[in-house]
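*Asks:* Here is what each chain is made of, one letter per residue.
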Amino acid sequence: MSEDIKKFMYLNRRAPYGTIYAWESLEVVLIGAAFDQDVSLAFLDDGVYQLVKGQDTAGVDMKNFSPTYQALGDYDVTKLYVEKESLEERGLSLEDLMPLTYEDEDDDWAEKDSIRVVSRAEMADIMEDQDVMFSF
Amino acid sequence: MAIEINGKSFETDEEGYLTNLSDWEPGVAEAMAKEDDLELTDEHWEIINFLREYYEEYQIAPAVRVLTKAVGKKLGKEKGNSKYLYALFPYGPGKQACRFAGLPKPTGCI
Amino acid sequence: MSTLHTVNKSPFEKSSMDSCLAYAKAGSSVLMYEDGIYGAIKGTGCTQKIAAKDGVNFYVLGPDLKARGVSEDKVADGIEIVDYAKFVSLAAENDKVQAWV
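Residue numbers (numbering that gives the first Met the number 0), protein chains in the order written: chain Z, 0 to 135; chain B, 0 to 109; chain G, 0 to 100.
Next up, chain Z with everything else stripped away, as it sits in the complex (with noise of 0.2 Å):
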């Protein structure tokens, strides 16, 4: 990896509907995955419910953004670490997600999850680990 890449970690906190800033987090990660940087997404605390499947707008007039998630790996955006104690404290586990997948084209385009359930011990390393941080 040349030394002009650097590690940049989107942090969602948010819940998907009831702000903006889940959807604006979004188009930012779309936007700067121009830029051949390291990208990760952390999601926690309630930044976990922007993957809840299942999700249907049409009842409350607005755009339902969570199929986006699913063009993620087009972008080449391939981690995306979810906080095991978030999920548990809100009563949901790994099932209640969408399943996220990317190709690897390092594995003959093999089809592998995009969704990582980290402990809330290894996101701090992982954070620790990165360049850049981006708070939503």
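I should point out that these hints are in silico values taken from the structure, not numbers from a laboratory.
Each hint should be verified, as a subset may be incorrect.
[To be verified] Listed next, with one range per pair, are the computed distances between beta-carbon atoms: (1) B:Glu14 x G:Lys73: 37 to 45 Å; (2) G:Lys95 x Z:Ala109: 58 to 66 Å; (3) Z:Ser92 x B:Glu56: 20 to 28 Å; (4) B:Ser21 x G:Asp72: 30 to 38 Å; (5) G:Gly44 x Z:Glu94: 17 to 25 Å.
[Unchecked claim] Chain G stretches covered by chain Z per the calculated footprint, using a threshold of three residues with CB under 8 Å from any CB of chain Z: (6) 24-37; (7) 40-49; (8) 59-66; (9) 69-81.
From the three backbone atoms N, C-alpha and C, an ideal C-beta is built for every residue, glycine too.
Got chain Z; can you put chains B and G on it based on the hints?
*Replies:* Only chains B and G this time, still in chain Z's reference frame:
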């Protein structure tokens, strides 16, 4: 801003993108292409339809490099490259084709 | 005097729900909507507090559950799922509405 087709008005933003995705009909693409001095062929329509399907599935207009990769996967390598796509859409396969398809400006095009 | 309390913030991010529960008296109603619906998911600290609250009726707005991908079987027992029309009639039936924002 707006474009007129057979007396019907379609609202667009300052860059010429359709304001309401649901307003789109093939005539919109034809009219926009005419303004750009372009005749739409089956090859153009293949990409325009591909973009509309992409938006339907992911709720975003893909950036040009994402579009190129996705076209290659779906329609074959000979179409999934910038040379082919720029030949069809000289103002940029992301921006111009998305505009014809009634989509917003691509997310991730700078 | 009966009161309809409304909560539209996540109980995990803001103290709105906790404050609401501290002030809601027996005979009153609490309606969770928008991000407030996350307080209705069973098996959390929030639903424990709701279960411990005697004499208060709890409601959650169905369209906001659907928007956020929370299926009805995830909603804790004792919380009634309502539509917009029921929201309006709850507001009309009670003497006043107190919003916890």
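*Asks:* Now, for every hint given, state plainly whether the structure supports it.
*Replies:* Hint check results:
1. Range check, Glu14 (chain B) to Lys73 (chain G): Cβ separation about 43 Å, and the 37 to 45 Å hint holds.
2. In this structure the hint that Lys95 (chain G) and Ala109 (chain Z) lie 58 to 66 Å apart at CB holds, the actual value being about 60 Å.
3. One distance hint, 20 to 28 Å for the beta-carbon pair Ser92 (chain Z) and Glu56 (chain B), holds here, with the actual separation near 26 Å.
4. Our hint of 30 to 38 Å for Ser21 (chain B) and Asp72 (chain G) holds, since their Cβ atoms are close to 33 Å apart.
5. Against the hinted window of 17 to 25 Å, the Cβ-Cβ separation of Gly44 (chain G) and Glu94 (chain Z) comes to about 21 Å, which satisfies the hint.
6. Counting residues of the segment 24-37 of chain G whose CB falls under 8 Å from any CB of chain Z gives 3; the rule of at least 3 is met.
7. Counting residues of the segment 40-49 of chain G whose CB lies closer than 8 Å to any CB of chain Z gives 6, which reaches the minimum of 3, so the coverage claim holds.
8. Evaluation of the coverage hint for the segment 59-66 of chain G: fulfilled, as 5 residues show C-beta separations to chain Z shorter than 8 Å, against a requirement of three.
9. Taking a C-beta to C-beta cut-off of 8 Å, the segment 69-81 of chain G contributes 3 residues in contact with chain Z, enough for the three needed, and the coverage statement holds.
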